Amino acid sequence: MELRHFIESQQLTPELLFEFFKTADDIRENLAKYSNVLSGKVLATLFYEPSTRTRLSFETAMLRLGGSVVSTENAKEFSSAIKGESMEDTARVVSGYADGIVIRHFEEGTARKASLVSRVPVINAGDGKGQHPTQALLDAYTIYREIGRIENFKIVFVGDLASGRTVRSLCYLLGKFKNIEIIFVSPENLKIGSDIKEYLSRHNLNFREESDLNKILGEVDIIYMTRIQKERISEEDYAAAKGKFVIDEGNFNLIKSASRILHPLPHVEEINLPLGLEQNDKRVAYFRQSQNGLFIRMALLRKMLGHLA
Amino acid sequence: MELRHFIESQQLTPELLFEFFKTADDIRENLAKYSNVLSGKVLATLFYEPSTRTRLSFETAMLRLGGSVVSTENAKEFSSAIKGESMEDTARVVSGYADGIVIRHFEEGTARKASLVSRVPVINAGDGKGQHPTQALLDAYTIYREIGRIENFKIVFVGDLASGRTVRSLCYLLGKFKNIEIIFVSPENLKIGSDIKEYLSRHNLNFREESDLNKILGEVDIIYMTRIQKERISEEDYAAAKGKFVIDEGNFNLIKSASRILHPLPHVEEINLPLGLEQNDKRVAYFRQSQNGLFIRMALLRKMLGHLA
Amino acid sequence: MELRHFIESQQLTPELLFEFFKTADDIRENLAKYSNVLSGKVLATLFYEPSTRTRLSFETAMLRLGGSVVSTENAKEFSSAIKGESMEDTARVVSGYADGIVIRHFEEGTARKASLVSRVPVINAGDGKGQHPTQALLDAYTIYREIGRIENFKIVFVGDLASGRTVRSLCYLLGKFKNIEIIFVSPENLKIGSDIKEYLSRHNLNFREESDLNKILGEVDIIYMTRIQKERISEEDYAAAKGKFVIDEGNFNLIKSASRILHPLPHVEEINLPLGLEQNDKRVAYFRQSQNGLFIRMALLRKMLGHLA
Chain R
1 MELRHFIESQ QLTPELLFEF FKTADDIREN LAKYSNVLSG KVLATLFYEP STRTRLSFET
61 AMLRLGGSVV STENAKEFSS AIKGESMEDT ARVVSGYADG IVIRHFEEGT ARKASLVSRV
121 PVINAGDGKG QHPTQALLDA YTIYREIGRI ENFKIVFVGD LASGRTVRSL CYLLGKFKNI
181 EIIFVSPENL KIGSDIKEYL SRHNLNFREE SDLNKILGEV DIIYMTRIQK ERISEEDYAA
241 AKGKFVIDEG NFNLIKSASR ILHPLPHVEE INLPLGLEQN DKRVAYFRQS QNGLFIRMAL
301 LRKMLGHLA
Chain D
1 MELRHFIESQ QLTPELLFEF FKTADDIREN LAKYSNVLSG KVLATLFYEP STRTRLSFET
61 AMLRLGGSVV STENAKEFSS AIKGESMEDT ARVVSGYADG IVIRHFEEGT ARKASLVSRV
121 PVINAGDGKG QHPTQALLDA YTIYREIGRI ENFKIVFVGD LASGRTVRSL CYLLGKFKNI
181 EIIFVSPENL KIGSDIKEYL SRHNLNFREE SDLNKILGEV DIIYMTRIQK ERISEEDYAA
241 AKGKFVIDEG NFNLIKSASR ILHPLPHVEE INLPLGLEQN DKRVAYFRQS QNGLFIRMAL
301 LRKMLGHLA
Chain S
1 MELRHFIESQ QLTPELLFEF FKTADDIREN LAKYSNVLSG KVLATLFYEP STRTRLSFET
61 AMLRLGGSVV STENAKEFSS AIKGESMEDT ARVVSGYADG IVIRHFEEGT ARKASLVSRV
121 PVINAGDGKG QHPTQALLDA YTIYREIGRI ENFKIVFVGD LASGRTVRSL CYLLGKFKNI
181 EIIFVSPENL KIGSDIKEYL SRHNLNFREE SDLNKILGEV DIIYMTRIQK ERISEEDYAA
241 AKGKFVIDEG NFNLIKSASR ILHPLPHVEE INLPLGLEQN DKRVAYFRQS QNGLFIRMAL
301 LRKMLGHLA
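Chains as they are written, first to last, in my numbering: chain R, 1 to 309; chain D, 1 to 309; chain S, 1 to 309.
Just chain R, with the same shape it has in the complex (with noise of 0.2 angstroms):
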């Protein structure tokens, strides 16, 4: 199965999911096997909105498969954007030059108009409010590591559910399994909108909403937390929604021992754990998560930039 650009997390079929899932094991294990499998070719990643930890990610994935890579660390301020060339034209340009472009905006729908014009793969790593989809394999992959499964699961998604990427792209994936309850935590003015809503009834998933985030934490296998987005909504939505679902010592032993924490990352106040519980803890599983995403962008760069079927 050929995977030219990935835009959205619905692209992702199970038995790719599992493709990936399995090419990432290998990697983890076997690194030194992959080191060369993309020698000699280039990836460029633009990002209009900067993302130190998503960008570095990309582009160790590359470097250790044998690749390279070129960059533009804030293309919104640096680049021709400025002389108001359409990110159309760069995308089509540099696709003339690169093998492959990961690419972060701060408009919904910018990575899809990006491969409309590309010779290259194109991958989206993250569009305004739109999706995050190696974000969403990411979490897969850290799902089924932590829990041994990725059917057969009851996840909380906390915090800013309006604006999170992330949730939505995450939500689009599980829609393609069978017995997940999905619970939604968040506050009154954040909640998830109803396009993941719609999406899940259509495909069965079992979902609600619910306000107490402690009577839910010892119930559930995932905990999924994620941050107020005080760049993306207003002062007044954000005094009204920070603070007010915490996970701390307070509420933390209320988890089962077998259960996860999941985070996107950066995480502020919505986790505020003592570093000894954070660093030894099986519960906490974010940092984790994050490297994850090393090995899962390895396999994803591996298939997509050396095209494999």
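Source of the hints: derived by calculation from the structure; they are not laboratory data. Note that the structure is predicted; figures quoted are calculated from it, not measured. Nothing false has been slipped in among the hints.
Just so you know, same-sequence chains aren't split out, so a pair can sit in one copy or run between any two.
The list that follows gives simulated cross-link-like pairs (lysine to any residue, SDA-like), each with its CA atoms no further than 20 angstroms apart:
# : residue 1 : residue 2
1 : 154       : 177
2 : 113       : 277
3 : 33        : 66
4 : 113       : 273
5 : 230       : 86
6 : 282       : 117
7 : 129       : 231
8 : 244       : 209
Let chain R serve as the given structure and place chains D and S on it in line with the hints.
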């Protein structure tokens, strides 16, 4: 013939130019043959004025030759420039680390100054209103590939001819060849400078200024469009010049089928063609032109950093 | 002797220092021998405070050892820092991608904090008014190469001794050696801190403060000039300090022919010598000093990222 530094397009003799054309053609056909010729070499790109396109083109060129790159995307704001350091000191220091320097700066004459103190080859990637000689090189290469010759042709330069360093650089280069007829079409307030006109006269090139673009379109082999450089002129000058000379569906078919539109890109409203035309009509050459930049810069870096005589 | 993280210059024992000097000398002579020693390794450079020179020096060092680099030029503005993320979380996450981290930050103590959560070696590339230990390392290496010894000499530190972390780091390092006489010459408002004076006393180093630079110039082996750090002090302090202590044609010849001027660079008006002198007079050592930074950082990275005992 050695090329120690590349500061202005006049340095290119016809022999050297054809050598680069030949190498670029060979690189295009036999990319793998060149994948190690600069192995172990490091190129530094020092951009005091952001230009994602030019920087990525140079960097990809270096990587595809097996070399590696260190880069600064916005040296003006990020570097010791804010501490009061002279650009020459930066260049001198960096020339102690790297094997070559590509410099882009907002002030005319900077690349030359850098070359005087650098221990390694310096390439001018645009210096204020001065020159952009590698653009001239890729423009000449594009003309050669598109119409099969770099002599005996007619070219019209359209747009902001006052601040456009690409036009200046290309004119200096065309002065080396025979039977070229040059027409300048520009808003009243952005006419070509007298330095260029004197240079062309001295080299016996035929040139004239015209004010009706449509009258010219059917007559020339190359239409070289340029953007009104908003960021280098006053608001008044911009308002007077914007939208004055445009290629769109209304006049596109005045262009002969063997003729070609070039543009150094980014283009904005001066070219306004539907996507289908831009992608499929042979007369639109500017995306091929930008890709030629990769191959010709590979030829240039190979010679200069490989210290080929 | 292993060096897990490199946070402050006091970590360097004389044995370790001489080991680095020896390796750096060998690298200089036999560059090709080292071109693959870090093949497959990835270095992350996290710069929260821009410094083109230091960053490019580290990055080139890594590339010349066969490794590769992921980089952020201005993490302060571009990264999750603006989303409220702690630097420690960034370091922890990046330590899951890369094999080593070089960190530059505007706050004292940051590199140490990063080292506490990182899985991979952390190198301090300057932390606020704290330390800049790799600068001390290259300074010591330069003294050793230029005058043939790192003991039994006289050094004057000139300029902004209050905010200068390079002076602080070098003093801490010199405290490990014998028979060094230190003189401090600085504007009244930018004197060396009492922490350094106490440290030197404790280590039985001879030091004194003087106010007449010209009186000292003929007496010392090393003149270590520093820039008044405009960006770290008030306008009043800057006005009072600027131009107070300068090396120019007027006093240059007071310097003994075997003595050397060092400067961590960038230099501004505190050194005002004609280009001919700067390029040809042996006493001007600061451009050799900056190049020494490349070789000594190669020695450092080779040891730390190669995990050599």
